[in-house]
Amino acid sequence: MGLINKVKLNFSSMIKKIFNKRKARIGIYGPPNAGKTTLANRIIRDWTGDAMGAVSSVPHETRRARRREGVTIESNGSKVSLDIVDTPGLATKVDFHEFMSHGLEEDEAKRRAKEATEGIIEAVKWLDDLDGVILVMDSTEDPFTQVNVTVIGNMEARKLPLLIAANKIDLPESSPARIRSAFPQHTLIPISALDGHNIDSLYEEIAQHFG
Amino acid sequence: MDMISEDKLERMTPMEKVRMILDGVKKGKILVLEKGLTPKEEAKLIEMTMTEITPDDFAGIEIESYPTKSNQKLLDKLFRKPVIRTRLTVIGPANQLKTLRKDKDFISAIVSSR
Numbered sequence: 000m001g002l003i004n005k006v007k008l009n010f011s012s013m014i015k016k017i018f019n020k021r022k023a024r025i026g027i028y029g030p031p032n033a034g035k036t037t038l039a040n041r042i043i044r045d046w047t048g049d050a051m052g053a054v055s056s057v058p059h060e061t062r063r064a065r066r067r068e069g070v071t072i073e074s075n076g077s078k079v080s081l082d083i084v085d086t087p088g089l090a091t092k093v094d095f096h097e098f099m100s101h102g103l104e105e106d107e108a109k110r111r112a113k114e115a116t117e118g119i120i121e122a123v124k125w126l127d128d129l130d131g132v133i134l135v136m137d138s139t140e141d142p143f144t145q146v147n148v149t150v151i152g153n154m155e156a157r158k159l160p161l162l163i164a165a166n167k168i169d170l171p172e173s174s175p176a177r178i179r180s181a182f183p184q185h186t187l188i189p190i191s192a193l194d195g196h197n198i199d200s201l202y203e204e205i206a207q208h209f210g
Numbered sequence: 000m001d002m003i004s005e006d007k008l009e010r011m012t013p014m015e016k017v018r019m020i021l022d023g024v025k026k027g028k029i030l031v032l033e034k035g036l037t038p039k040e041e042a043k044l045i046e047m048t049m050t051e052i053t054p055d056d057f058a059g060i061e062i063e064s065y066p067t068k069s070n071q072k073l074l075d076k077l078f079r080k081p082v083i084r085t086r087l088t089v090i091g092p093a094n095q096l097k098t099l100r101k102d103k104d105f106i107s108a109i110v111s112s113r
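If you're matching them up, the sequences are chains S and Y in order.
Heads up: the first sequence begins at 0 in numbering that gives the first Met the number 0, then just goes up one per residue.
Heads up: the second sequence begins at 0 in numbering that gives the first Met the number 0, then just goes up one per residue.
Any given hint could be a false lead.
Claimed, not checked - Within a straight-line C-alpha distance of at most 25 angstroms, the following computed DSS-like cross-link-like pairs (lysine-lysine) qualify: (1) 68/Y <-> 26/Y; (2) 7/Y <-> 26/Y; (3) 158/S <-> 68/Y; (4) 113/S <-> 25/Y; (5) 113/S <-> 92/S; (6) 34/Y <-> 158/S; (7) 26/Y <-> 113/S; (8) 39/Y <-> 25/Y; (9) 16/Y <-> 34/Y; (10) 92/S <-> 103/Y; (11) 68/Y <-> 43/Y; (12) 43/Y <-> 113/S; (13) 92/S <-> 101/Y.
What the hints assert, rightly or not - What the simulated footprint calls covered on chain S by chain Y, stretch by stretch (three residues with Cβ under 8 angstroms from a Cβ of chain Y suffice, anywhere in the stretch; the number is not a length): (14) 90 to 98; (15) 119 to 128; (16) 201 to 207.
Keep in mind that the hints were calculated from the coordinates and are not lab data.
Ideal placement from N, C-alpha and C gives every residue a C-beta, glycine not left out.
Could you build the full structure based on these sequences and the hints that come with them?
This is the structure:
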């Protein structure tokens with residue numbers, strides 16, 4: 000990119016800041032069952048009174064990206080208007096036998112697996128059209144999954160803002176510290192999307208990071 | 000197991016790398032890439048893997064890699080595109096390669112035959 004274009008970009012972002020025109024398209028990413036839709040539901044419910052989608056303990060419940068426009072979040076004097084995209088859980092493998100172990104019949108499990116693969120493709124394609132990402136990690140699990148590494152790498156390569164939501168801190172075995180030590184270069188907020196614990200800190204960071 | 004050198008990877012386009020990996024993994028090979036894939040190539044690999052998954056035949060891949068490193072100097076951050084340093088990566092069929100433990104500098108995995 001030429002110097003003139005860089006100056007133009009910086010000038011444009013300065014103008015946006017000065018006039019407080021803050022709107023961003025944010026993707027909620029993470030592996031299956033990390034709590035992405037639970038978090039999306041909480042954000043939408045808290046700021047619009049509505050809901051985003053169904054949640055389930057069976058992996059890949061969200062198999063199509065869902066988008067909600069114009070969610071305004073206000074915290075500590077900062078205000079940001081977001082288009083929120085709740086994406087299907089990213090994975091490098093989808094085995095229909097896993098769904099059968101959750102009680103699904105074979106045909107249904109195969110159909111779900113097919114839809115899950117399509118959802119993952121959609122989630123990957125959304126990476127090109129976002130202004131930032133909230134990466135939801137299950138803080139009871141090992142944070143060094145390939146999905147986490149790939150999402151973080153893609154955001155860093157694109158120089159886009161990223162927040163890590165260390166979810167499920169309501170569970171006794173959770174360890175947000177393990178995630179913090181794995182990815183110390185990024186802001187991390189321990190939350191429980193389920194019971195709302197520490198969710199105000201997340202809103203504060205969202206308003207600051209994506210505004 | 001195929002071990003692919005950094006030099007060979009550098010001569011390949013992203014799509015050639017993804018194709019080589021998927022063709023190898025679908026034949027049951029474990030691939031060791033000396034210098035890994037860029038984040039965008041990893042995303043492309045995930046995307047392409049999903050298009051090739053079939054029930055009872057191919058359930059996907061397992062990837063083991065260390066997190067990438069980018070340039071940290073302030074001047075580089077301000078004026079240059081980030082230089083992403085990719086690192087050693089192991090890729091195999093999901094039903095044959097399983098991660099046991101992984102951190103930023105250590106990967107422990109188990110490989111089984113089909």
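Hints, verified against the model:
{"no.": "1", "hint": "68/Y <-> 26/Y", "verdict": "violated, 31 angstroms"}
{"no.": "2", "hint": "7/Y <-> 26/Y", "verdict": "holds, 20 angstroms"}
{"no.": "3", "hint": "158/S <-> 68/Y", "verdict": "holds, 13 angstroms"}
{"no.": "4", "hint": "113/S <-> 25/Y", "verdict": "holds, 18 angstroms"}
{"no.": "5", "hint": "113/S <-> 92/S", "verdict": "holds, 11 angstroms"}
{"no.": "6", "hint": "34/Y <-> 158/S", "verdict": "holds, 22 angstroms"}
{"no.": "7", "hint": "26/Y <-> 113/S", "verdict": "holds, 22 angstroms"}
{"no.": "8", "hint": "39/Y <-> 25/Y", "verdict": "holds, 22 angstroms"}
{"no.": "9", "hint": "16/Y <-> 34/Y", "verdict": "holds, 12 angstroms"}
{"no.": "10", "hint": "92/S <-> 103/Y", "verdict": "holds, 22 angstroms"}
{"no.": "11", "hint": "68/Y <-> 43/Y", "verdict": "holds, 19 angstroms"}
{"no.": "12", "hint": "43/Y <-> 113/S", "verdict": "holds, 18 angstroms"}
{"no.": "13", "hint": "92/S <-> 101/Y", "verdict": "holds, 18 angstroms"}
{"no.": "14", "hint": "90 to 98", "verdict": "holds (count 6)"}
{"no.": "15", "hint": "119 to 128", "verdict": "holds (count 5)"}
{"no.": "16", "hint": "201 to 207", "verdict": "violated (count 0)"}
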